[in-house]
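Listed here are the chains, written in short residue letters.
2 protein chains.
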Amino acid sequence: MTGKLVYTVDLRESCMLYFPSPEEKLTYPEAIEAVETTFAEHCMGRVQMPPKIYVTLEKGDFRTMPAYLPASGIAGVKVVNVHPQNRAAGLPSVIALTIILDVDTGVPKAILNATALTDIRTGAAGAVATMHLAQSDARTLGLVGSGRQAMAQMKAITAVREIDEVLVWSRDIARAEMFAADNTDQNCRAAPLEEVCGSEIICTTTPSQAPLVKNEWIRPGAHINAIGADAPGKQELDPELLRRSRIFVDDYEQATHSGEINHPISEGVYDPAELAGTLGEVVCGKKRRENMDDITIFDSTGLAIQDLAVGAIVMKKGGGMELPFL
Amino acid sequence: MTGKLVYTVDLRESCMLYFPSPEEKLTYPEAIEAVETTFAEHCMGRVQMPPKIYVTLEKGDFRTMPAYLPASGIAGVKVVNVHPQNRAAGLPSVIALTIILDVDTGVPKAILNATALTDIRTGAAGAVATMHLAQSDARTLGLVGSGRQAMAQMKAITAVREIDEVLVWSRDIARAEMFAADNTDQNCRAAPLEEVCGSEIICTTTPSQAPLVKNEWIRPGAHINAIGADAPGKQELDPELLRRSRIFVDDYEQATHSGEINHPISEGVYDPAELAGTLGEVVCGKKRRENMDDITIFDSTGLAIQDLAVGAIVMKKGGGMELPFL
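Going line by line, the protein sequences match chains A and B. Those letters in the first sequence? Residues 9 to 334, by our numbering. Those letters in the second sequence? Residues 9 to 334, by our numbering.
Honestly, the hints are just simulated from the structure, not real lab data. A hint or two may mislead.
Intra- or inter-copy, both count: the list cannot distinguish identical chains.
With a Cα cut of at most 35 Å, we get these calculated DSBU-like pairs of lysine-lysine [to be verified]:
hint, residue 1, residue 2
1, Lys242, Lys295
2, Lys294, Lys67
3, Lys222, Lys33
4, Lys325, Lys222
5, Lys67, Lys163
6, Lys324, Lys222
7, Lys294, Lys242
8, Lys222, Lys294
9, Lys33, Lys67
10, Lys295, Lys324
Extracted from the complex, chain A is given alone in its bound form (with noise of 0.2 Å):
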């Protein structure tokens, strides 16, 4: 925890700017640095984050989710959709856009297209929460799914950790064997599930709706970040897993009512009082893993300040179209 804040925006500039690919902007250093930052303002309760709102489509949905960064001097709006079937037509499934508001007159500054920004957003949550949960020798990490959030978190945690070798499993073994293949850099291999989730860090990024991962494939002492699950139904991960271990939520709502929790909470294998805090009090040193032994779990739902958390470094390196708006 860097205990300062690395971009403080002046939005008081006069045109709209659209940032088509604004992810070319930031590295994953940044982002994680700023992302974490974020997560130590929640803790302290200095932002501005109501739940994120969702709206059914017939084959898919979309998330709207505002906030206001005070201490970053930003304020806006991400809008984001999951269409499943999105793959077989060549599409991402996810795909977003952010509204960056100037704070002092409510005119929008900014256009970010966020597809690539949610990605590196979630992963450099994902490499905050292993920088400070997991052990401090864990050299092996699992993946768990090998799309481009596995890609995100691979790229993030490696950025803070030393990692010697990389599994990575996919309902799809060929899906596997290419991601492995496109990262022999990282020492990368595709693997059998089980083994997979042998590692000292695993990471769970399938949109499954029962659980993958069984709770005695995990060894004592691991680290997940479970990212899968982000809405109502989605779950990833054995209960008597969740039982097992010490849980930390992004965000407790948003964690109870979408995450990884929702479902065994929502069946009653879950109990919420259980949980062990959120990254936000991990980040101020408040919580931490306790044990050697414990098994610890970050239950990622996506928030709203990582937006823009991001969104902040891209307004401050500039740059992006000038369009006509007022």
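On the provided structure of chain A, position chain B as indicated by the hints.
Just chain B now, with coordinates in the frame of chain A:
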């Protein structure tokens, strides 16, 4: 009530469009017809519209308004601020942007500068209410407030009713006189508040936080569009006038939270059980003015579905700047 949808959108084109001045693409009659049809959809429960979300900033706030209008094949989000001090800086106090999403894929299809569209769709709702609720021989229009929304109400109402004379009042008499001078073609003149309130149709469009319009000034049979109150704490009408009137809201949840009735309800001086119905019910013919002497009030807070209704017209008409996105 036309019973048909005016515009059905096919958003399957390939790139994101930006409309800096979409208001140039639509007329009041088009907007009024689309908004009327959308209120009918609302009445029939055929829309998705979560309550608008407020985020508070130091000098104002912003509201995020997602919705889905299946009958028009359109989904999206409006982001709109209210910064009363903007006027001093030469900026509108209300500035808005609407994102239109492809329903089938979630891909953002267009971004609309919705500042003037917001005026128009609010004016259009006032016209729909006036068309259905005002006495058929009402020919005088009183405007309480002389800003952008007073202009929109006048333009919209004169598109649906023949008006002989428009009276306008402002706290700043010079502004009312300027408004009148700009609208001599509508036989408009500035007048004292009491005289304005003696009109047969009255539109209140001020940001007042205390009642301006006294009960005794309102004639039996009058119709009032109460537009200004759109956030908790705002009110323009005497609570006694509310109790004496048949009040129609745009949306129960939004109006009781932030409409003209929000403050009287929270003070216990108005019982929401007394509400006469919604504008959608009026459009569908389920609710109406019952007696010649009824005072009818339309309590408008502004709905996301109104924004989509006018957005659909813009999309249908085409044009816009092409922006790279995916």
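Right, here's what the structure says about each hint:
Proximity of Lys242 and Lys295 under a CA criterion of 35 Å is satisfied intra-copy only: 26 Å inside one chain copy versus 43 Å between copies. When the C-alpha separation of Lys294 and Lys67 is checked against a cutoff of 35 Å, the pair qualifies only between copies, where the shortest distance is 33 Å, while the shortest distance within a copy is 42 Å. When the C-alpha separation of Lys222 and Lys33 is checked against a cutoff of 35 Å, the pair qualifies neither within a copy, at 39 Å, nor between copies, at 58 Å. In this homomeric assembly, Lys325 and Lys222 never come within 35 Å of each other (Cα to Cα): the closest approach is 44 Å inside a single copy and 54 Å across copies.
Taking identical chains as interchangeable, the C-alpha atoms of Lys67 and Lys163 lie at most 35 Å apart only when both belong to the same chain, with a minimum of 31 Å there against 40 Å between chains. In the homo-oligomer, the alpha carbons of Lys324 and Lys222 never lie at most 35 Å apart, since the shortest distance is 44 Å inside one protomer and 51 Å across protomers. Taking the shortest alpha-carbon separations for Lys294 and Lys242, only the intra-copy value of 29 Å comes in at or below 35 Å, while the best inter-copy value is 41 Å. Only within a single protomer do Lys222 and Lys294 lie at most 35 Å apart by alpha-carbon distance; the minimum there is 30 Å, versus 56 Å between protomers.
With identical chains, the CA atoms of Lys33 and Lys67 are at most 35 Å apart both within one copy (32 Å) and between copies (31 Å). Proximity of Lys295 to Lys324 under the C-alpha cut-off of 35 Å is restricted to the intra-copy arrangement: shortest distance 32 Å within a copy versus 54 Å between copies.
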